[in-house]
Amino acid sequence: MRKIYLDHIATTPLHPHALEAMLPFLKENFGNAQSPHSAGQEAAAAVEEAREKVARLINAHPAEIFFTSSGSESNNFALKGLSLANQSRGKNIVLSAIEHQSVLHSAKSLEKLGFSVTLVGVDKYGMVDPAEVEKAISKETLLASVMLANSEVGTVEPIKEIAQVCRSRDVLFHTDAVAAVGNIAVDVRELGVDSLSLAASQFYGPKGAAALYIRKGTRILPFIDGGIQEGGRRAGTENVAGIVGLGKAAEIAQGRMRSWAESLKPLRDRLIKLLPQKVDRVLLTGHPEKRLPHHASFCIEFIEGEAMLLNLDLKGIAASSGSACTSKALKASHVLLAMGFDHATAQGSLVFSLIEGITAEDVDYLLEVFPPIIERLRKMSPLYTKYLEEKEK
Amino acid sequence: MIYTEKVMEHFQNPRNVGVIKDADGVGEVGNPVCGDMMTFYIKVKDNRLVDIKFQTFGCGAAIAVSSMVTEMAMGKTIEEALKITNKTVAEELGGLPKNKLHCSNLGADALHKAIENYQERQKAVSKEAPKKSVSDEKCYCPYCEGPLEGLEDYCTTCQVELESCQECGKPSKKGEEDCPHCGAKKAKA
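Residue numbers (the numbering used here), protein chains in the order written: chain A, 1 to 393; chain B, 1 to 189.
Don't read these hints as lab results, they were simulated from the structure. Hints may be right or wrong, so weigh each one.
Here are the simulated lysine to aspartate or glutamate pairs, DMTMM-like style, with alpha carbons at most 20 Å apart [claimed, not checked]:
no. : chain 1 : residue 1 : chain 2 : residue 2
1   : A       : Lys-386   : B       : Asp-22
2   : A       : Lys-108   : B       : Glu-71
3   : A       : Lys-112   : B       : Glu-5
4   : A       : Lys-216   : A       : Asp-170
5   : B       : Lys-6     : A       : Glu-134
6   : B       : Lys-45    : B       : Glu-71
7   : B       : Lys-98    : B       : Glu-5
8   : A       : Lys-379   : B       : Glu-5
9   : B       : Lys-21    : A       : Glu-361
10  : A       : Lys-290   : A       : Asp-187
11  : A       : Lys-315   : B       : Glu-161
12  : B       : Lys-21    : A       : Glu-390
13  : B       : Lys-53    : A       : Glu-375
14  : A       : Lys-379   : B       : Asp-22
15  : A       : Lys-91    : A       : Glu-134
16  : A       : Lys-108   : B       : Glu-5
17  : B       : Lys-21    : A       : Glu-111
18  : A       : Lys-108   : A       : Glu-140
19  : A       : Lys-80    : A       : Glu-140
20  : B       : Lys-173   : A       : Glu-375
21  : A       : Lys-315   : B       : Glu-80
Facing chain A, from chain B, some residues (calculated, C-beta under 7 Å) [said to hold, decoys possible]:
no. : residue
22  : Asn-16
23  : Pro-32
24  : Val-33
25  : Thr-39
26  : Thr-56
27  : Phe-57
28  : Cys-59
29  : Ile-84
30  : Gly-95
Every residue, glycine too, gets a C-beta built ideally from N, C-alpha and C.
Please build the complete structure, drawing on both the sequences and the hints.
Now the structure itself:
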């Protein structure tokens with residue numbers, strides 16, 4: 001059976017060159033990067049080379065890159081580390097309502113320590129208005145966090161403008177760029193952010209390797225105590241192979257990001273144009289233009305996301321949904337609800353995120369197998385029956 | 001695959017999907033907010049379920065559960081059908097993921113609602129559509145999936161204070177304005 005992987009936002013496959021770069025560090029070059037002997041120093045050199053590559057990808061200085069284990073860890077590190085180290089500035093944190101759970105839940109933990117959280121809403125495209133961020137900022141605000149691109153609806157936020165607002169109000173600004181880095185150009189100097197999260201598994205690097213950019217001179221509390229690794233801010237023996245894979249993936253992405261986007265964008269647009277033509281009552285979610293080049297997301301009315309995913313999987317297609325049934329907490333997507341979708345519609349969330357190598361034939365195959373799946377599920381849906389009855393009246 | 005073979009088999013080839021226009025009883029459970037909604041239609045002759053049809057909005061488990069229930073109840077007497085429980089349905093399917101046990105496993109409830117509706121019509125007490133109900137079985141924390149044992153105003157796993165929604169009865173975090181299950185504005189305590 002044909003296998004088509006359209007779940008970039010969950011994770012990408014590992015680039016063969018990244019794997020190749022990693023292998024020696026899983027085999028003969030097993031040294032601990034903190035050891036003074038040559039085995040350790042080889043590992044240390046590889047870690048520092050990777051740091052330079054990651055820094056180059058986002059136009060940062062290598063000393064501003066801190067390796068972590070995941071995008072979620074990077075977000076926890078930034079939210080908690082910045083808030084706890086800068087309490088003299090105030091104890092309020094401003095967040096967009098569509099942040100990743102790792103940002104939202106870090107803020108919830110901080111609430112227990114006496115911080116307050118202000119949420120900024122989004123428009124129907126999931127777009128954050130910088131003016132709304134400005135309104136939310138008070139004298140008490142020390143930190144704001146808005147994601148660069150939302151993985152569920154693909155919308156790319158006006159980070160540069162929001163960072164400017166924060167700078168002018170003397171508020172620290174973090175952006176979760178996990179879905180963006182390696183897929184679209186990200187320049188921390190141009191954006192003017194204080195910290196930024198990225199993860200290798202979103203641009204053909206390995207899982208378990210990620211980083212936090214922290215602008216030079218920014219005060220932050222260590223996230224893991226007990227060692228001198230990562231400038232004393234994140235203790236623990238380095239995941240050398242993972243870090244090397246992240247570095248290699250960053251180098252590859254820097255060279256090829258543009259061509260990946262150029263090849264995937266027409267396919268994304270083909271999906272966005274044709275899917276609603278093939279099936280009625282399909283809504284695009286997220287911004288029609290200001291969105292990730294590989295990202296097409298929808299709400300299919302009257303049916304539930306997980307049932308669609310299972311059926312697509314039986315046809316060899318891997319996709320994602322933000323429906324309550326696919327989330328283990330069985331809650332509808334907070335992103336779609338914040339954008340104004342009702343619960344029933346949000347349940348029909350479906351995300352196709354393309355990876356490098358996907359062809360027009362793959363997209364056409366999806367467009368061919370999709371309508372019968374929807375027709376079959378809608379025949380089973382009491383909501384669709386009600387819709388048809390009301391339409392007849 | 002997160003489901004057993006039998007669940008997937010019923011999901012792919014659900015039995016008895018549809019609507020019975022002149023049904024003797026109709027039962028509806030759940031709501032789309034928490035994911036699943038089922039409508040069951042029954043025809044009864046000589047105290048036996050001679051036809052059952054269902055429609056389900058929900059995940060793979062919810063669809064398989066509905067199909068399984070129709071198969072288990074078809075041809076049974078009213079009394080036999082009332083003995084089918086959500087638990088026996090889940091067992092018949094070879095088990096369900098634990099976080100699906102509560103929300104997706106409502107098939108027997110929907111069937112029982114349809115039977116109740118039939119019995120009410122027999123008594124000619126009421127011919128109105130049945131009221132929606134929500135199962136009051138054991139629940140899992142909507143935030144961390146930890147089991148909520150007895151005391152449903154506190155999740156011992158993730159240490160979140162919970163309160164029950166007055167509309168749908170399901171737990172959510174204390175202080176949240178809207179119920180994440182049914183969307184209703186929670187009354188200020």
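Hints versus structure:
For the hint linking A:Lys-386 to B:Asp-22, the alpha-carbon distance of about 16 Å falls within 20 Å, and the restraint holds. Distance hint between A:Lys-108 and B:Glu-71 is unfulfilled; the C-alpha atoms sit about 46 Å from each other, more than 20 Å. Only pairs whose Cα atoms come within 20 Å are accepted, and A:Lys-112 paired with B:Glu-5 is rejected, the gap being roughly 44 Å. About 16 Å separates the Cα atoms of A:Lys-216 and A:Asp-170, which keeps this hinted pair within 20 Å; it holds.
For a cut-off of 20 Å, the pair hint linking B:Lys-6 to A:Glu-134 is broken: about 54 Å separates their Cα positions. Between B:Lys-45 and B:Glu-71 the CA atoms are separated by roughly 17 Å; this keeps the pair inside 20 Å, and the hint holds. Taking the CA atoms of B:Lys-98 and B:Glu-5, the gap is about 16 Å. The hint holds against a cut of 20 Å. Under the criterion of a C-alpha separation no larger than 20 Å, the hint pairing A:Lys-379 with B:Glu-5 is inconsistent with the structure, at around 23 Å.
Our distance criterion of 20 Å between C-alpha atoms is broken by B:Lys-21 and A:Glu-361, whose separation comes to about 43 Å. The suggested pairing of A:Lys-290 with A:Asp-187 holds, with an alpha-carbon distance near 17 Å, which does not exceed 20 Å. Note on A:Lys-315 and B:Glu-161: the hinted pairing is violated, with a Cα-Cα distance of about 43 Å set against a maximum of 20 Å. Of the supplied pair hints, the one linking B:Lys-21 and A:Glu-390 holds, its CA atoms being roughly 16 Å apart against a limit of 20 Å.
Simply put, B:Lys-53 and A:Glu-375 have alpha-carbon atoms about 18 Å apart, close enough for the 20 Å limit, and the pair holds. The suggested pairing of A:Lys-379 with B:Asp-22 holds, with an alpha-carbon distance near 18 Å, which does not exceed 20 Å. The suggested pairing of A:Lys-91 with A:Glu-134 holds, with an alpha-carbon distance near 17 Å, which does not exceed 20 Å. Restraint check for A:Lys-108 and B:Glu-5: the C-alpha separation of about 40 Å exceeds 20 Å, so the hint is violated.
Among the hinted pairs, B:Lys-21 with A:Glu-111 is inconsistent with the structure: their alpha-carbon atoms are about 54 Å apart, more than 20 Å. Proximity of A:Lys-108 to A:Glu-140 is assessed by CA-CA distance (about 17 Å); at most 20 Å being required, the pair is judged to hold. Simply put, A:Lys-80 and A:Glu-140 have alpha-carbon atoms about 16 Å apart, close enough for the 20 Å limit, and the pair holds. Pair hint B:Lys-173 plus A:Glu-375 does not hold up; C-alpha atoms about 37 Å apart against a cutoff of 20 Å.
For the hint pairing A:Lys-315 with B:Glu-80, the CA-to-CA distance comes to about 39 Å; that exceeds 20 Å, so the pair is violated. Hint status for B:Asn-16 relative to chain A: violated, with the closest Cβ pair at about 11 Å, above 7 Å. A least Cβ separation of about 4 Å between B:Pro-32 and chain A falls short of the 7 Å threshold, and the interface hint therefore holds. Restraint check, B:Val-33 versus chain A: the minimum CB separation of about 4 Å is within 7 Å; hint holds.
The restraint placing B:Thr-39 at the interface with chain A holds, with a minimum CB-CB distance near 4 Å, inside the 7 Å limit. Residue-level restraint check for B:Thr-56 holds (minimum Cβ-Cβ distance to chain A is 6 Å; threshold 7 Å). At its closest, the beta carbon of B:Phe-57 sits 5 Å from a beta carbon of chain A; the interface hint therefore holds under the 7 Å criterion. Annotation: B:Cys-59 was flagged as interfacial toward chain A, and the flag holds, the nearest CB pair being 4 Å apart, inside 7 Å.
For B:Ile-84, the interface hint is violated, since its Cβ never comes within 7 Å of a Cβ in chain A; the closest pair sits about 21 Å apart. For the restraint placing B:Gly-95 at the interface with chain A, the shortest Cβ-Cβ distance is roughly 17 Å, beyond the 7 Å limit, so the hint is violated.
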